[in-house]
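As numbered in my numbering, residues 14 to 321 make up the sequence shown, in order.
It is worth saying that the hints were derived from the structure and are not from the lab.
All residues carry an ideal CB built from backbone N, CA and C; glycine is no exception.
The list that follows gives simulated cross-link-like pairs (lysine-lysine, DSSO-like), each with its CA atoms no further than 27 angstroms apart:
| # | residue 1 | residue 2 |
| --- | --- | --- |
| 1 | K296 | K135 |
| 2 | K123 | K296 |
| 3 | K227 | K62 |
| 4 | K74 | K296 |
| 5 | K24 | K105 |
| 6 | K123 | K135 |
| 7 | K227 | K256 |
| 8 | K254 | K123 |
| 9 | K130 | K105 |
| 10 | K296 | K256 |
| 11 | K249 | K135 |
| 12 | K123 | K62 |
| 13 | K149 | K227 |
| 14 | K249 | K105 |
| 15 | K296 | K254 |
| 16 | K135 | K105 |
| 17 | K149 | K74 |
The calculated label-pair distances, taken between Cβ atoms and stated as ranges, are:
| # | residue 1 | residue 2 | range |
| --- | --- | --- | --- |
| 18 | P287 | S176 | 45 to 55 angstroms |
| 19 | S204 | A290 | 39 to 49 angstroms |
| 20 | R28 | G67 | 11 to 21 angstroms |
| 21 | G22 | E86 | 23 to 33 angstroms |
| 22 | P179 | H89 | 46 to 56 angstroms |
| 23 | V283 | V184 | 31 to 41 angstroms |
| 24 | R28 | N194 | 34 to 44 angstroms |
| 25 | P179 | K130 | 44 to 54 angstroms |
| 26 | E86 | R30 | 30 to 40 angstroms |
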Amino acid sequence: MIEEIESHGWKQNLRIRAGGFELVITLDVGPRIIRYAFEDGDNVFKEMKAELGGRGEDDWKLRGGHRFWAAPEGEHCYEPDNGPVSYERDGKRAVIITSPESKAYGFRKKLRVAMDKSGGVKVEHELANTGNQELKLAPWGLSVMRPGGVAIIPQASLGRHPSELPEGVPVVPSAFLPNRNLVLWNYTDLSDPRLELGPSLWRIHQRAGFPATKIGTFYRGGWVGYQLPGQTFCKKIPVQKGKPYPDGGSNLEVFTNPEILEIESLAPAVPIEPGGAVTHTEKWKLFSQHEPLDNPDRVQGFFSQLEV
14 MIEEIESHGW KQNLRIRAGG FELVITLDVG PRIIRYAFED GDNVFKEMKA
64 ELGGRGEDDW KLRGGHRFWA APEGEHCYEP DNGPVSYERD GKRAVIITSP
114 ESKAYGFRKK LRVAMDKSGG VKVEHELANT GNQELKLAPW GLSVMRPGGV
164 AIIPQASLGR HPSELPEGVP VVPSAFLPNR NLVLWNYTDL SDPRLELGPS
214 LWRIHQRAGF PATKIGTFYR GGWVGYQLPG QTFCKKIPVQ KGKPYPDGGS
264 NLEVFTNPEI LEIESLAPAV PIEPGGAVTH TEKWKLFSQH EPLDNPDRVQ
314 GFFSQLEV
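Using the sequences and the hints, build the whole thing.
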């Protein structure tokens, strides 16, 4: 079911409902998905209360929810998106949201948002080159999660150095090569207690009273999560092997500060020719989940229910 409603202080919004879940997408500003939740339940996304309902401001606003940026981060990211967007329905449970053209940077953003019968969500981020020069930017989806949770990123099981293998065990060439990367920003402190970078599970906590920190990685595992009391948000991170990625080869980044935690997915950094476009797709699921996902076995069991 798709309907136009007033919500979050804005007159024009779309609400999509199915399977006991709901999405709210702003039309007065954006493109921005401001809410994903069980119907009448708590929003998994952060809502910046002082910025809700605003429009026409001269400076960029975080607002909360899920937004669409283009990587790598730069001035183009902070071009204000405080004006209305257009939309069209695409079937019974999908809408296409289109932003105005950015004349300053030569691109246009389009979101196709679909909710299936079970309440799962598919978000397609299309970045189109509307200029007359090659566009060296990549689609970037940023979900701004509400505080008090923990990001959950499963890791492949550790192996052993070839010199430590039992006698007679064959050594494959890949045993000598790296299979993960960890990208750090100039404000990332690996001794930060919010970072639990274990051998087969990474957990990043959102906590008040700590400064901003961020990590990136090339993630091959499919699904990652964000667990809040009583519910867990899951996002499928796309991966295209062999393609160059922004930010030191990252398709997954996690940023947190005292107010929020962001789970961010990035598309490959492949130049877009004039008139061309690229699409980057995320999938979301939301679960009622009370058992803490604090060890690899629990996480593996939980994620096994998700279609990769």
